[in-house]
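Residue numbers (the working numbering), protein chains in the order written: chain A, 110 to 653; chain B, 110 to 653.
To be clear, the hints were calculated from the coordinates, so they are not data collected in a lab.
Using N, Cα and C, we set each Cβ at its ideal position, and we do this for glycine too.
Watch out, some of these pointers could steer you wrong.
With the C-beta cut set under 7 Å, the calculated list includes, among others, these residues of chain B facing chain A [said to hold, decoys possible]:
(1) Gly354
(2) Thr515
(3) Leu600
Sample of chain B residues lacking proximity to chain A, with all beta carbon distances greater than 10 Å (derived) [unchecked claim]:
(4) Arg447
(5) Arg482
(6) Pro612
Number of protein chains: 2
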Amino acid sequence: MKHTAPPRRRKLNAWGFEGVSFSPPRPLRSWLEERIGPPEPRSAVDPRSLRLPAPARLPDLPVPTSDDPADRLLHARGRGFSDLVRLRTGTLPALPDAVVRPEDATDVQEVLRICSRAGVRVIPWGGGTSVTGGVNTLPSAAPTVVLDLERLSGLVAVDARSGHARVRAGTLGPALEAALAPHRLTLGHFPQSWELSTLGGWVATRSSGQESLGFGRIEDLVAGLELVAPAGRLSLPALPASAAGPDLRQLALGSEGRFGVITEATVRVSPRPARRAVEAFLLPQWEDGVEAVREMVLAGLPLHMLRLSDPTETEVGLATGTGGHAWSPLARGWLRLRGAGPGSCLLLCGAAGTPREIRWTLGETRRLLKRYRAVSLGEGPGRRWLLDRFRHPYLRDGLFDLGWATDTLETAASWSALPGLYRAVRLVLASTLPNEEVAVLCHVSHAYRDGASLYFTFFFRDAEDPEEMIALWAALKRAATSVLPAAAGTLSHHHGIGSWHAPWYAREAGTDGVRLLAAAARELDPQGILNPHVLFDPVDRLEV
Amino acid sequence: MKHTAPPRRRKLNAWGFEGVSFSPPRPLRSWLEERIGPPEPRSAVDPRSLRLPAPARLPDLPVPTSDDPADRLLHARGRGFSDLVRLRTGTLPALPDAVVRPEDATDVQEVLRICSRAGVRVIPWGGGTSVTGGVNTLPSAAPTVVLDLERLSGLVAVDARSGHARVRAGTLGPALEAALAPHRLTLGHFPQSWELSTLGGWVATRSSGQESLGFGRIEDLVAGLELVAPAGRLSLPALPASAAGPDLRQLALGSEGRFGVITEATVRVSPRPARRAVEAFLLPQWEDGVEAVREMVLAGLPLHMLRLSDPTETEVGLATGTGGHAWSPLARGWLRLRGAGPGSCLLLCGAAGTPREIRWTLGETRRLLKRYRAVSLGEGPGRRWLLDRFRHPYLRDGLFDLGWATDTLETAASWSALPGLYRAVRLVLASTLPNEEVAVLCHVSHAYRDGASLYFTFFFRDAEDPEEMIALWAALKRAATSVLPAAAGTLSHHHGIGSWHAPWYAREAGTDGVRLLAAAARELDPQGILNPHVLFDPVDRLEV
Ligand SMILES: Cc1cc2nc3c(=O)[nH]c(=O)nc-3n(C[C@H](O)[C@H](O)[C@H](O)COP(=O)(O)OP(=O)(O)OC[C@H]3O[C@@H](n4cnc5c(N)ncnc54)[C@H](O)[C@@H]3O)c2cc1C
Ligand SMILES: Cc1cc2nc3c(=O)[nH]c(=O)nc-3n(C[C@H](O)[C@H](O)[C@H](O)COP(=O)(O)OP(=O)(O)OC[C@H]3O[C@@H](n4cnc5c(N)ncnc54)[C@H](O)[C@@H]3O)c2cc1C
Numbered sequence: 110m111k112h113t114a115p116p117r118r119r120k121l122n123a124w125g126f127e128g129v130s131f132s133p134p135r136p137l138r139s140w141l142e143e144r145i146g147p148p149e150p151r152s153a154v155d156p157r158s159l160r161l162p163a164p165a166r167l168p169d170l171p172v173p174t175s176d177d178p179a180d181r182l183l184h185a186r187g188r189g190f191s192d193l194v195r196l197r198t199g200t201l202p203a204l205p206d207a208v209v210r211p212e213d214a215t216d217v218q219e220v221l222r223i224c225s226r227a228g229v230r231v232i233p234w235g236g237g238t239s240v241t242g243g244v245n246t247l248p249s250a251a252p253t254v255v256l257d258l259e260r261l262s263g264l265v266a267v268d269a270r271s272g273h274a275r276v277r278a279g280t281l282g283p284a285l286e287a288a289l290a291p292h293r294l295t296l297g298h299f300p301q302s303w304e305l306s307t308l309g310g311w312v313a314t315r316s317s318g319q320e321s322l323g324f325g326r327i328e329d330l331v332a333g334l335e336l337v338a339p340a341g342r343l344s345l346p347a348l349p350a351s352a353a354g355p356d357l358r359q360l361a362l363g364s365e366g367r368f369g370v371i372t373e374a375t376v377r378v379s380p381r382p383a384r385r386a387v388e389a390f391l392l393p394q395w396e397d398g399v400e401a402v403r404e405m406v407l408a409g410l411p412l413h414m415l416r417l418s419d420p421t422e423t424e425v426g427l428a429t430g431t432g433g434h435a436w437s438p439l440a441r442g443w444l445r446l447r448g449a450g451p452g453s454c455l456l457l458c459g460a461a462g463t464p465r466e467i468r469w470t471l472g473e474t475r476r477l478l479k480r481y482r483a484v485s486l487g488e489g490p491g492r493r494w495l496l497d498r499f500r501h502p503y504l505r506d507g508l509f510d511l512g513w514a515t516d517t518l519e520t521a522a523s524w525s526a527l528p529g530l531y532r533a534v535r536l537v538l539a540s541t542l543p544n545e546e547v548a549v550l551c552h553v554s555h556a557y558r559d560g561a562s563l564y565f566t567f568f569f570r571d572a573e574d575p576e577e578m579i580a581l582w583a584a585l586k587r588a589a590t591s592v593l594p595a596a597a598g599t600l601s602h603h604h605g606i607g608s609w610h611a612p613w614y615a616r617e618a619g620t621d622g623v624r625l626l627a628a629a630a631r632e633l634d635p636q637g638i639l640n641p642h643v644l645f646d647p648v649d650r651l652e653v
Numbered sequence: 110m111k112h113t114a115p116p117r118r119r120k121l122n123a124w125g126f127e128g129v130s131f132s133p134p135r136p137l138r139s140w141l142e143e144r145i146g147p148p149e150p151r152s153a154v155d156p157r158s159l160r161l162p163a164p165a166r167l168p169d170l171p172v173p174t175s176d177d178p179a180d181r182l183l184h185a186r187g188r189g190f191s192d193l194v195r196l197r198t199g200t201l202p203a204l205p206d207a208v209v210r211p212e213d214a215t216d217v218q219e220v221l222r223i224c225s226r227a228g229v230r231v232i233p234w235g236g237g238t239s240v241t242g243g244v245n246t247l248p249s250a251a252p253t254v255v256l257d258l259e260r261l262s263g264l265v266a267v268d269a270r271s272g273h274a275r276v277r278a279g280t281l282g283p284a285l286e287a288a289l290a291p292h293r294l295t296l297g298h299f300p301q302s303w304e305l306s307t308l309g310g311w312v313a314t315r316s317s318g319q320e321s322l323g324f325g326r327i328e329d330l331v332a333g334l335e336l337v338a339p340a341g342r343l344s345l346p347a348l349p350a351s352a353a354g355p356d357l358r359q360l361a362l363g364s365e366g367r368f369g370v371i372t373e374a375t376v377r378v379s380p381r382p383a384r385r386a387v388e389a390f391l392l393p394q395w396e397d398g399v400e401a402v403r404e405m406v407l408a409g410l411p412l413h414m415l416r417l418s419d420p421t422e423t424e425v426g427l428a429t430g431t432g433g434h435a436w437s438p439l440a441r442g443w444l445r446l447r448g449a450g451p452g453s454c455l456l457l458c459g460a461a462g463t464p465r466e467i468r469w470t471l472g473e474t475r476r477l478l479k480r481y482r483a484v485s486l487g488e489g490p491g492r493r494w495l496l497d498r499f500r501h502p503y504l505r506d507g508l509f510d511l512g513w514a515t516d517t518l519e520t521a522a523s524w525s526a527l528p529g530l531y532r533a534v535r536l537v538l539a540s541t542l543p544n545e546e547v548a549v550l551c552h553v554s555h556a557y558r559d560g561a562s563l564y565f566t567f568f569f570r571d572a573e574d575p576e577e578m579i580a581l582w583a584a585l586k587r588a589a590t591s592v593l594p595a596a597a598g599t600l601s602h603h604h605g606i607g608s609w610h611a612p613w614y615a616r617e618a619g620t621d622g623v624r625l626l627a628a629a630a631r632e633l634d635p636q637g638i639l640n641p642h643v644l645f646d647p648v649d650r651l652e653v
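Excised from the complex, chain A in its bound form:
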């Protein structure tokens, strides 16, 4: 018998768990004030005080179904920008009529069959951490239920010899790692949303974890999977490799609930590393830093993580201590002497394994970085980063309280296209709002032999009126997203398409590509009840 801690309660209108928060450190506030101007504090509406529309009548469903107000609120939206604004301000355009919690694949099949017959929309829900409008209930004539997979969770079986673990889709990150720990195994998939997101959600969005360099992206980690749809199911065996036709796993990966509900996956697991260490460096210049990252990947250094901040992000990080501790003027002077002046870039290099392996890997890293005139800052900043890595997202809500708006945007491109993409996105973010300053930080956090991701964080002053605030954000988002395909960047390196990127989806997949996927989806879901706004629906819903 195992004693488990009571499940932590999620905040109704902000990121994360009740009782956890992260208020913006003073230097960050000063920096923002200087860059974009003084804010006005905003308080959030108490979600429990909201009067919710009565739920629609639903057909009888053979699984636990809840129309509890908190449940409906908690499952109304993901955790993207406009989601938080609408939740904080009580301006939700619609709510699900119920939350349904199946326990196994048969339950899922039954729910889908009944809803398909009755014309009820179904939104598959893992952890609800989507930042692309991927799980949002939107106004519609048809009733909407959210299919929360939390009861469909847990480790089913481990095949240690093959390094395979069969895991139910609703399993959250920490539960998955806890179940693998006694086998001394790890999946090694740590998105920043890890504490609140699920295996099924990762698969459905082609997620990427912070240690993707060491363990791979989720599509590298899935060997087989099960998917249940209103008009069929896929049961794809776990195989190391196959030439038996097109890879249907890769159609489920990224399907965002449109093709069916992923009920379980067999994932590739690895021996659990004994230890992790992250060494920080300062590199004199962004371009050099990018080149160093490229060279490290090509050299095949067995690093697990690489994260290179641009000069602005480095400046903010060093000033505020989010990248380590705040740097005293003395330390800054010393760094300047060693060549790390303004324009320097912070590079975190993470290794995992035995102490000996880590020493070797970081030793080789140091040797390679010498040629780039890198200055080591030791393991302090990285230790801080490891401690805080799942706490950072709470900062956004702290900033909202103060009156600052912030969001992120991410993409990836080949090494050749990266510099142009970096410039284009920064330029468009900084120049789109006529009357507001926008501050932009950027880092590379996932690197490949042929290219890397870019992850932008931007800040602007919020507006009093939520619609105006969302309009400002939507303007930035539209402008930046439009730039991506033109600058050879993907619409998303790891957040997915959801409903917010859907208007641009054909720019990347092609109109015929979208048609092809839509035809495949129709085959499994002829009534189109599954998550109908994501991927193929080209309507701009940024402001809904």
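For chain A, the structure is supplied; the task is to place chain B with the ligands on it using the hints.
Here is chain B with the ligands on its own, set in the frame of chain A:
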């Protein structure tokens, strides 16, 4: 200006180029005679003496179109077992009405549009090396043209910084490597059919090269691609990674001509290694050998190739010298003293890079293999193997001439499933023919962290009557293929589904999976003119 050698002529009814052959060495003949009995020599019909049916009338096509008899013969079949039997015995059930040679994607589009309107079947043809009935013209009321991509070939552009090369689909292996050589780059994709197969064919069949351990499978090497279909086209940008929906590249990979014609791909290229070396070892037992291969992959040794022969293949290899040189009784005695008796397995370990890198890799390999009581045979057998690796396929025709039939069959499974799969396939191959002995060899030649491939070669005495000979082969093929899904093996690790595995395809992809792919194919090819017998057509055509 470059002087190029005149193109080598292909044999009309056998593998490979005119002027090259490989007759079975005497020890192999003795071994076969002992194992499966004495053969009766068979001679092949001269293909030029065959009277071909008149070609059907075709609509005017705006590209070079040939109905030359040799061209039609050369494009009637791939290079699988029954293909060679039918070509050798002049028993082809049908011939293409013409061979069409487009020069660019616009040509392809035009041909497809016209053929779609006129109800003419189109078989995309790369090198025609399919061993799964993937390019065969079969009897039908509709005319059939073969779309040979040989003119759509060559390197379009190199992006050395990103390690990307844009290559036209019809480019043959040697031409591709020759074009990359001045850039000091390599694709590193070397299927045994490399000299006669094309990039487009590799993509369409999810091919795997002999150095897949070092460079990856073709699906790892494709960053972007272009596909032209009767009712649409896909233009998928070259990206290092993306979460923008399902991966359409992975739908084209393995599409075997059913979704459209791949006209070009952007592939991931690597620095060309300075040198290659292959060290051979003998391991006392098959099970240990498999375990050693698994451990080498998990240890991440930077090997480029691993190939482990089972005891029977090792015996044949050592006796006949195909795995190196024939072993004198003296050498055998010495090996036996060191623990390598009957039951030993030959393991080839290939490394590539600078001499220093190779020394290091093979050193680590030796150290790891010590624990498995491996005996090194030095680099002799590997050197022989490297020299002969593209010559081995000619042996099959030499055996045919003598009256011996041989074919191969390949699969892959997780490490846990591998031993059972190995036993099941060997058992069924050895026991299916009531009146004939079947000799079976096997090796592992592609290994992954979670499993490996198995490649079986089997021999039996042929029959005088070609239909009987094909019936014997089809019986073996049916029996063995039926075993694969049940024993958790994939229907193909690298040869694809073609028309021959199609009856079993739903056993792996599921009936709904097949339906889904068929719906997608219909979207791009509503008249179903493209290669209509592969993948989704469940009719058993092994004997056609
Ligand atoms: C603060 C924060 C940090 C983040 N950091 C990262 C990061 O580092 N890397 C990263 O990749 N992402 C990140 N994300 C985005 C998000 O966490 C990922 O997209 C994650 O994969 C979503 O998982 P989920 O279980 O929460 O899915 P949900 O948000 O519940 O759903 C996402 C989509 O998948 C569908 N879906 C969910 N489960 C299933 C299922 N079982 N079957 C079919 N469809 C399903 C939904 O319908 C929806 O379309 C972050 C998000 C936040 C808010
Ligand atoms: C002796 C021998 C050894 C072999 N060794 C290997 C090996 O080591 N590894 C391996 O993977 N395979 C091997 N094969 C199988 C075969 O060579 C591969 O399947 C190869 O990828 C086929 O390439 P191709 O250009 O000859 O294609 P083809 O045989 O011409 O066509 C194969 C399939 O792809 C389709 N196709 C071809 N080109 C295109 C295109 N441009 N667009 C759309 N569809 C297209 C065809 O319609 C057909 O369905 C071997 C075959 C032989 C005969």
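Here is what the structure says about each hint:
At a threshold of 7 Å, the smallest CB-CB gap from Gly354 of chain B to chain A is about 5 Å, leaving the interface hint in force. The restraint placing Thr515 of chain B at the interface with chain A is violated, with a minimum CB-CB distance near 21 Å, outside the 7 Å limit. Proximity of Leu600 of chain B to chain A holds as hinted, the smallest CB-CB distance being about 4 Å (cut-off 7 Å). Taking the minimum C-beta to C-beta distance to chain A, about 29 Å, the non-interface status of Arg447 of chain B holds against the 10 Å cut.
The Cβ of Arg482 of chain B sits about 21 Å from the closest Cβ of chain A, beyond the 10 Å cut-off, so the non-interface label holds. Non-interface status of Pro612 of chain B relative to chain A is upheld: no Cβ of that chain comes within 10 Å, the nearest being about 13 Å off.
Hint violations for this structure: number 2 only, all remaining hints satisfied.
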